[in-house]
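Each chain is listed here by its residues.
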Amino acid sequence: AQSVTQLDSQVPVFEEAPVELRCNYSSSVSVYLFWYVQYPNQGLQLLLKYLSGSTLVESINGFEAEFNKSQTSFHLRKPSVHISDTAEYFCAVSFYRGGSYIPTFGRGTSLIVHP
Amino acid sequence: DVKVTQSSRYLVKRTGEKVFLECVQDMDHENMFWYRQDPGLGLRLIYFSYDVKMKEKGDIPEGYSVSREKKERFSLILESASTNQTSMYLCASSLWAANTGELFFGEGSRLTVL
Chain Z
124 AQSVTQLDSQ
134 VPVFEEAPVE
144 LRCNYSSSVS
154 VYLFWYVQYP
164 NQGLQLLLKY
174 LSGSTLVESI
184 NGFEAEFNKS
194 QTSFHLRKPS
204 VHISDTAEYF
214 CAVSFYRGGS
224 YIPTFGRGTS
234 LIVHP
Chain D
190 DVKVTQSSRY
200 LVKRTGEKVF
210 LECVQDMDHE
220 NMFWYRQDPG
230 LGLRLIYFSY
240 DVKMKEKGDI
250 PEGYSVSREK
260 KERFSLILES
270 ASTNQTSMYL
280 CASSLWAANT
290 GELFFGEGSR
300 LTVL
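Residue numbers (the numbering used here), protein chains in the order written: chain Z, 124 to 238; chain D, 190 to 303.
Don't read these hints as lab results, they were simulated from the structure.
These numbers were taken from a predicted model, which means no experiment stands behind them.
Where hints are given, some of them may not hold.
Label pairs and their calculated CB-CB ranges [to be verified]:
1. D:Asn273 / Z:Arg220: 24 to 34 Å
2. D:Glu296 / Z:Ile235: 18 to 28 Å
3. Z:Ser132 / D:Leu303: 42 to 52 Å
4. Z:Gln133 / D:Asn273: 22 to 32 Å
5. Z:Ile183 / D:Asn273: 37 to 47 Å
6. Z:Gln168 / D:Asp217: 14 to 24 Å
7. D:Glu268 / Z:Ser177: 41 to 51 Å
Glycine included, C-beta positions come from ideal geometry on N, C-alpha and C.
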């Protein structure tokens, strides 16, 4: 079965420190990759996506993710986090099923930024 | 501003009640989805729909049904609510032509079944 693994359920970090949230998936075929962020009591918002082209993608608020096909990974990084980055982060991978690309989500990583 | 709107943010129901969760999108998207979100389990797909009157089972359809009579509206139905259906329910939509799986989410409906 196709799956998405986020190895860390919780990542505590101090403000201005770097952070990496890991995401691996099980597939050898073409996929589309996403990171979503969920702030408390809200729905999910798209943070960034990889569809094709450059394997390094960036968001407007300083996050970046790199698609590594050989490792089947799509890790999310930020060189210096802020308190406001505290949120739940979900990795999603779209697999082809039944005629369309349907996303499968990881279990989420709670990023907790301490002052 | 484009939106996916879920009619109820918080609901409390009793075991055995019939529950309707409504979702409306204003982006003219063909695809609509219902997920449930539970701590430590992430988002799990219940049902999705490619078009009006069409539906496909997701990964955990048991105990749920859906209705899509109009393109912009996708309803999730719990015929007889049970306590293990206490959860956050998220509706999402996507553009069929894009066909990448990028989703636009509503704010969520938190259902408690007593």
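Outcome of the hint check:
{"no.": "1", "hint": "D:Asn273 / Z:Arg220: 24 to 34 Å", "verdict": "holds (26 Å)"}
{"no.": "2", "hint": "D:Glu296 / Z:Ile235: 18 to 28 Å", "verdict": "holds (22 Å)"}
{"no.": "3", "hint": "Z:Ser132 / D:Leu303: 42 to 52 Å", "verdict": "violated (28 Å)"}
{"no.": "4", "hint": "Z:Gln133 / D:Asn273: 22 to 32 Å", "verdict": "holds (25 Å)"}
{"no.": "5", "hint": "Z:Ile183 / D:Asn273: 37 to 47 Å", "verdict": "holds (39 Å)"}
{"no.": "6", "hint": "Z:Gln168 / D:Asp217: 14 to 24 Å", "verdict": "holds (20 Å)"}
{"no.": "7", "hint": "D:Glu268 / Z:Ser177: 41 to 51 Å", "verdict": "holds (48 Å)"}
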